Amino acid sequence: DAKTTQPNSMESNEEEPVHLPCNHSTISGTDYIHWYRQLPSQGPEYVIHGLTSNVNNRMASLAIAEDRKSSTLILHRATLRDAAVYYCILSRAWAAGGTSYGKLTFGQGTILTVHP
Amino acid sequence: DGGITQSPKYLFRKEGQNVTLSCEQNLNHDAMYWYRQDPGQGLRLIYYSQIVNDFQKGDIAEGYSVSREKKESFPLTVTSAQKNPTAFYLCASSIEARQGAFPQHFGDGTRLSIL
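Residue numbers (our numbering), protein chains in the order written: chain A, 1 to 116; chain B, 117 to 231.
If you are wondering where the hints come from, they were derived from the structure by calculation, not from laboratory data.
A portion of the hints provided could be inaccurate.
[Claimed, not checked] According to the in silico footprint, chain A covers these stretches of chain B (three or more CB under 8 Å from chain A):
1) 158–171
2) 222–230
[Stated by the list, open to error] On the chain B side, residues computed to face chain A include the following (Cβ under 10 Å):
3) Gln122
4) Phe204
5) Ala213
Only a predicted model underlies this, so the values are computations on that prediction, with no experimental measurement involved.
Ideal Cβ positions, reconstructed from N, Cα and C, are used throughout, including at glycine.
Given the sequences, and given the hints that come with them, work out the whole structure.
Structure (structure tokens):
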């Protein structure tokens, strides 16, 4: 499975921007880069995803390196509600039973702590 | 509001007993998924379904079974063959499963424990 590397933990202050890095040097041309976040005892929440171009939505921005071997999730103004485990995942086309689909493989993620 | 509903939130199983976890979605999504999460770990795929009446094994399907008789529903049965069933179980859905182009939306999970 395609592997991503993220720092185990990061800290930020409230109202400041946060840049969460992710390395994915073995990414293939058809892999989508997904970001999810998870609070304790809750299901993961979709944040953003992209293929080649930078992406923006109401939650965050995704900056993808030109060679696609790394990406950065940007939270423009961190709030206490943004404290969570953030997962960077490559969705790789996966064939099983004669069909293919984008398989999400979750790693350990980055624990983001936001200080008031 | 549309979403995914998992029930129950907490479930207890006796040794040798089968239990079924419910997952219902009203998002009109074709694809549905079941994951397992152990403490401090990421999610691992158990089963997924791309359309009604079709499902495929994931990475850790042994000891589990599923059905997909309706688009809205994808129940997971944890059988007595699953030797270590204590975990947090998460159900997800996406518009379709095609090559990861669409995000997955998750329920709030069911925590299963062995008595």
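### Query
Looking back at the hints listed earlier, which ones does the structure fail to meet?
Of the numbered hints given earlier, the structure breaks none, since each of them holds.
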